[in-house]
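Just so you know, the sequences run in chain order A and B.
Take the numbering used here: the last position of the first sequence gets the number 160, and nothing is skipped along the way.
Take the numbering used here: the last position of the second sequence gets the number 1182, and nothing is skipped along the way.
It should be emphasised that the hints constitute simulated quantities derived from the structure, not laboratory data.
None of the values given here were measured: they were computed from a predicted structure.
Positions of the beta carbon are idealized from the N, C-alpha and C atoms, including for glycine.
Treat the hints with care, as some may be off.
[What the hints assert, rightly or not] Pairwise CB distance ranges, derived in the manner of DEER restraints: (1) A:R73 x B:R1006: 54 to 64 angstroms; (2) A:D86 x B:R1006: 40 to 50 angstroms; (3) B:K1120 x A:G106: 43 to 53 angstroms; (4) B:S1059 x A:S32: 31 to 41 angstroms; (5) A:Y87 x B:D1151: 18 to 28 angstroms; (6) B:K1120 x A:S55: 38 to 48 angstroms.
[What the hints assert, rightly or not] Sample of chain A residues with no beta-carbon within 10 angstroms of chain B, all distances over it, derived: (7) L22; (8) P35; (9) A77; (10) A150.
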Amino acid sequence: MHLVNRKWWPWIALVVVATVALVVVAVRSRPSHSPQARTTRLTHELACPVCEGQSVADSNAPESADIRADIPRRISAGQSDQQIRDYYVSRYGERILLTPTNSGVGLIAWLLPTVAILFALFGLFFALRRWSRVPRLAATPEDEAIVRRARATADEKLDG
Amino acid sequence: MRLRARWIAIMVGVVLVAFGVVLAVQHRNEPSIPRLVQEHGPMPSFTVTTLAGAPLESSSLKGKTVVVNFFNSWCIPCQQEAPQLKAFYAEHKNEADFAMVGIVRDDETAAVRAYVDTQKLGWTIATDPNGSAALGFGTTGQPETYVIAPDGAAVCGSLGASSQADLDTWLAAARAGQECTS
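Next up, chain B with everything else stripped away, as it sits in the complex (with noise of 0.2 angstroms):
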């Protein structure tokens, strides 16, 4: 009898720890890649309003290959990926299948005016007023970038700064049809 309950507590004690282990591999395992982007999922459709007050439809965009980079005045990493961001629109921003847009999260229009003449950002920025950009893509922060393929899906993209060289290899790839694995 008493062996018997010693296997019962050994046994209720394994399924604990082997819960536990899962519980915090689970916890640990944060991905730095955006689910829609791990699932290629197709570009959400949104309309946001560009800085001059026009509204732009995600539609416009079809048949490109379109960056989406999610961010806002006040975030240090936004700040420190802006030349990145720069340098790689400065490279790209005549290719005629090219196309790059700057969505704001949680930031005031006057901050952003002024963020944006400072940084002198060339490519198109736009408000959220609704948030239904920021759903449609499931943002969690910012920044945020998202690569979307000429065929509508999103390919790569990260969670957090993206340097010119991981914003060249994604478009690269992007354009050849290719995932991102990292």
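With the rest of the complex left out, here is chain A (with noise of 0.2 angstroms):
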């Protein structure tokens, strides 16, 4: 006697899979903390200040090239990735910073595409809701008539 129906083998095994991708993508995604790792990532996260739309790993400027040689600095001397970020907003203000702050005029680049996908989410839902409740093809009483006729036919046929 198996301990588990056959049935449930492939949901067993889904479930496995998923578990298994999921320790994976959680595992492989964690930040390193390295200092070379810190360094390219900021030098990603940090816009040239004398560029236009190029991150500071980007950009051949000399400010972005001094900006690469100061961040080893900076993570040797002990500082936090925050206090890095901070030091150069306080020099060049928040347009150094490629990813948008979540307050202030930054915060407007989150909110709205959020606002945006819950007003198409609640447009979907209410055209979704609209439409399956009125039918398409309103039924004529010839259609009626065929359906009366087909059920009769079936009827019969299953009592005869």
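Hints given; two lone chains; assemble the complex.
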């Protein structure tokens, strides 16, 4: 006798695979805290102060080169990522952050897409509800007669 | 129902236009005054190396009215600014509380030496090997000039070339403990 009914095996396999995948993704997406990884991350988070739309990591401007050289020094001095970001914001303003802050004007960048998605979901919900209520084609008396005849034929066959 | 849809469309349009206007205004509003000066921030601490090879600590400038000019030999506005700086320096170099430092950005030391000799620049010129001074001031190019009051606050300055008249005005304001508005 089997401990678990065979029909549950695919579901159990699915749960195991999904769990393993989640664990792998969770472990691999945990950011590394090595100085090299932090430097790389910060240079991609900071915008070149004298360019348009380029990160410090991608820019050849001398200001970006200075920042690339400065970040490891600050990490070695024991500064946290946030302290380093704050330092550059104090020098160049919030425009140096490629990821908008979650306060002030930067909040708009986070809220606007969220509000738009919520509006879209609400709109979709109400539209689907309306569409499900209103039949696309109303049944004519002829249609109903066809259905009645078909059901009667089926009943006769079943009885006979 | 159609009226409501029209109102929603109008509201969405108004929001998008307002957002676009805000972005456009922000983009056009490029400042000509350095951020450090706008905020009257303290002069950042730095160590640069003079062309004579000696270290120059920002702490050695404390208590003076300091003019810090970021420049290099190949930048045309820097070359155009040089005669104004020279006239300004000649006017004030013997004043006890006055100091002027030129900090080189993005240039070769040999080229700077040749430029300084040709232009006959008399004030202290220093290189910024690790960019700490430029980062501390938050420079975004050259030339840039900062006037530091005796209390250490960056009170005046500009992004771009400065004239002798500008520099005289800024120096007087810094000495008087006033802020510069332009």
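Here is how each hint holds up against the structure:
no.: 1; hint: A:R73 x B:R1006: 54 to 64 angstroms; in the structure: 59 angstroms, holds
no.: 2; hint: A:D86 x B:R1006: 40 to 50 angstroms; in the structure: 47 angstroms, holds
no.: 3; hint: B:K1120 x A:G106: 43 to 53 angstroms; in the structure: 49 angstroms, holds
no.: 4; hint: B:S1059 x A:S32: 31 to 41 angstroms; in the structure: 37 angstroms, holds
no.: 5; hint: A:Y87 x B:D1151: 18 to 28 angstroms; in the structure: 22 angstroms, holds
no.: 6; hint: B:K1120 x A:S55: 38 to 48 angstroms; in the structure: 41 angstroms, holds
no.: 7; hint: L22; in the structure: 38 angstroms, holds
no.: 8; hint: P35; in the structure: 17 angstroms, holds
no.: 9; hint: A77; in the structure: 12 angstroms, holds
no.: 10; hint: A150; in the structure: 38 angstroms, holds
Going through the hint list in order, the structure satisfies each hint without exception.
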